[in-house]
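**Student:** Sequence:
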Amino acid sequence: MIALSTTPTARAAIDDAIDTVLIRLARRLRDHGDGARALASAIARSARGGKRFRPLLVVAAFDTLGGAETDRAALYQVAAAFELLHTAFVVHDDVIDHDTERRGVANVGGEFRARGEERGADATGAALLGDAAGILAGDLLLHEAGRLVALADLPTSVRGDLLRLLEDAVLISAAGELADVENAVSARDVDAETILRTTHDKTAVYSFSAPLEAGAVLAGADGPVRAALERFGQRLGLAYQLVDDLIGAFGSPEISGKDEGCDLREAKKTHLIVLARETESWPAVSEALAQAHTGPVAIRAAQRALSESGARARLEDLVRGTLDEARAIVTASTLPEECRTMLHDLVDAVQGRVP
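Residue numbering for the sequence shown follows the working numbering, beginning at 1377 and increasing consecutively.
If you are wondering where the hints come from, they were derived from the structure by calculation, not from laboratory data. Computed from a predicted model, the values in this text were never measured in an experiment. Errors might be hidden in some of the hints.
Unchecked claim - Simulated crosslink set (SDA-like; lysine to any residue; CA at most 20 Å straight-line):
#: 1; residue 1: K1645; residue 2: W1658
#: 2; residue 1: K1644; residue 2: D1567
#: 3; residue 1: K1644; residue 2: S1562
#: 4; residue 1: K1427; residue 2: A1389
#: 5; residue 1: K1645; residue 2: A1666
#: 6; residue 1: K1645; residue 2: S1662
#: 7; residue 1: K1645; residue 2: I1472
#: 8; residue 1: K1645; residue 2: P1659
#: 9; residue 1: K1644; residue 2: A1660
#: 10; residue 1: K1634; residue 2: A1482
#: 11; residue 1: K1645; residue 2: I1623
#: 12; residue 1: K1634; residue 2: A1674
#: 13; residue 1: K1645; residue 2: L1694
#: 14; residue 1: K1634; residue 2: V1730
#: 15; residue 1: K1644; residue 2: R1690
#: 16; residue 1: K1644; residue 2: E1692
#: 17; residue 1: K1645; residue 2: R1688
#: 18; residue 1: K1644; residue 2: A1689
#: 19; residue 1: K1634; residue 2: K1644
#: 20; residue 1: K1645; residue 2: E1663
#: 21; residue 1: K1634; residue 2: H1669
#: 22; residue 1: K1644; residue 2: P1731
#: 23; residue 1: K1634; residue 2: I1623
#: 24; residue 1: K1645; residue 2: A1568
#: 25; residue 1: K1644; residue 2: H1669
#: 26; residue 1: K1427; residue 2: L1398
#: 27; residue 1: K1427; residue 2: D1469
Said to hold, decoys possible - Derived Cβ-Cβ restraints for the label pairs, each shown as a range:
#: 28; residue 1: D1724; residue 2: V1481; range: 27 to 37 Å
#: 29; residue 1: Q1727; residue 2: G1536; range: 31 to 41 Å
#: 30; residue 1: D1529; residue 2: S1683; range: 47 to 57 Å
Heads up, the beta-carbon is just placed ideally off N, CA and C, and yes, glycines get one too.
Start from the sequences and build out the full structure, keeping to the hints where you can.
**Tutor:** This is the structure we're talking about:
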């Protein structure tokens, strides 16, 4: 993920706000049985650590737009809400993908699968328990994210704007995730526009445009500023996810956090694959992709076929074009210079992730 240059105080305040939620959740669940207590512990492990990019993005927008110090306590609550939202999506995504680990460590579902096995469950029963725990953990985190915003000490109109942003983030991300699964299981070819829309909806709003606009709302920014940040976040978020497609196909394990060529191994229908399908080389690419699941040698052959087809270069061009659009939005805006600099740094950081 992208690293943001912010003060240690901001990071510590966000962590404190998240820890307060986790402690409260553990207290609320402790009288509801051993399973509920284990779920609270698993949720806490899933929510701790990480770069805190999304909440720090809220803070960065607030600070560079001249937010008032009197609103800083509420700022950190709202910022923490976006981290809990992200954690909820990650936990649910692991259920959808049937993953039991994240970066080599058991996730919520993995912990509860092991818990089921310890209690004598067969493989089917353990998987059912793991999936149930993952779904419920994500549900609780979504609730806590909304609760943080709802209880922030803010004027009613500001709180209403923030809740609408949070709602949009949840709705659009859910639609994008569902479309992604539909695309994956469909026996039909999926068109480029559909794939691109899905790519945008999965990440751009909740990770970029909503946190930026939330910081602007808290800073009391006017409509044009908020609109510029929304448009910027959507373009940047799309570019970020397209870079993720490149990383999933060509990135090293150190960059992706997964095995090399993980998207090729899993036969994901990314925009990269759509671009390859449009070339005369598609029969050779398709044949290489069909073997990608068999191991590292086949992965490298699929990577070569995609590169030779021109699909990789076309996707890199699309990333550059989308980032140029994001830069143009900043240039044409009335944003303060400090905010412009921060946004340009974000664009450069996304560009720097291209493998």
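**Student:** Compare the structure with each hint and give your call.
**Tutor:** Hints and how they fare:
Distance restraint check for K1645 and W1658: the Cα-Cα separation of roughly 14 Å lies within the 20 Å cut-off, and the hinted pair is therefore satisfied. Restraint check: the Cα-Cα separation between K1644 and D1567 comes to about 14 Å, which is no more than 20 Å; the hinted pair holds. Annotation: proposed proximity of K1644 to S1562 holds, straight-line Cα distance about 11 Å (limit 20 Å). The straight-line distance between the Cα atoms of K1427 and A1389 is roughly 14 Å, inside the 20 Å bound, and the hint therefore holds.
Restraint check for K1645 and A1666: the C-alpha separation of about 12 Å stays at or below 20 Å, so the hint holds. Among the hinted pairs, K1645 with S1662 is consistent with the structure: their alpha-carbon atoms are about 12 Å apart, no more than 20 Å. Under the criterion of a C-alpha separation no larger than 20 Å, the hint pairing K1645 with I1472 is consistent with the structure, at around 16 Å. For the hint linking K1645 to P1659, the alpha-carbon distance of about 16 Å falls within 20 Å, and the restraint holds.
Proximity of K1644 to A1660 is assessed by CA-CA distance (about 17 Å); at most 20 Å being required, the pair is judged to hold. Proximity of K1634 to A1482 is assessed by CA-CA distance (about 14 Å); at most 20 Å being required, the pair is judged to hold. For the proposed pair K1645 and I1623, the alpha carbon gap of about 14 Å is at most 20 Å, so the pair holds. For the hint pairing K1634 with A1674, the CA-to-CA distance comes to about 17 Å; that is within 20 Å, so the pair holds.
Only pairs whose Cα atoms come within 20 Å are accepted, and K1645 paired with L1694 is accepted, the gap being roughly 17 Å. For the hint linking K1634 to V1730, the alpha-carbon distance of about 16 Å falls within 20 Å, and the restraint holds. The straight-line distance between the Cα atoms of K1644 and R1690 is roughly 18 Å, inside the 20 Å bound, and the hint therefore holds. Between K1644 and E1692 the CA atoms are separated by roughly 18 Å; this keeps the pair inside 20 Å, and the hint holds.
With a C-alpha separation of about 14 Å, the suggested pair K1645 and R1688 falls inside the 20 Å cut-off, and the hint holds. With a C-alpha separation of about 19 Å, the suggested pair K1644 and A1689 falls inside the 20 Å cut-off, and the hint holds. Restraint check for K1634 and K1644: the C-alpha separation of about 14 Å stays at or below 20 Å, so the hint holds. For the given pair, K1645 sits about 15 Å from E1663 by alpha-carbon distance, which is consistent with the 20 Å threshold.
Only pairs whose Cα atoms come within 20 Å are accepted, and K1634 paired with H1669 is accepted, the gap being roughly 14 Å. A hinted pair counts as satisfied when its Cα atoms are at most 20 Å apart, and K1644 with P1731 qualifies at roughly 18 Å. Note on K1634 and I1623: the hinted pairing holds, with a Cα-Cα distance of about 10 Å set against a maximum of 20 Å. Distance check on the hinted pair: K1645 and A1568 sit about 10 Å apart at the alpha-carbon level, within 20 Å; holds.
Using a Cα cut-off of 20 Å, the hinted pair K1644 and H1669 holds, with the two alpha carbons roughly 11 Å apart. Proximity of K1427 to L1398 is assessed by CA-CA distance (about 18 Å); at most 20 Å being required, the pair is judged to hold. This hinted pair checks out: K1427 and D1469 have alpha carbons roughly 19 Å apart, not beyond 20 Å. A hinted range of 27 to 37 Å for the beta carbons of D1724 and V1481 is consistent with their spacing of about 31 Å.
Judged by the Cβ atoms, the range 31 to 41 Å given for Q1727 and G1536 holds: they are separated by roughly 36 Å. The beta-carbon spacing between D1529 and S1683, approximately 54 Å, falls within the hinted interval of 47 to 57 Å.
Consistency note: the structure conflicts with none of the earlier hints.
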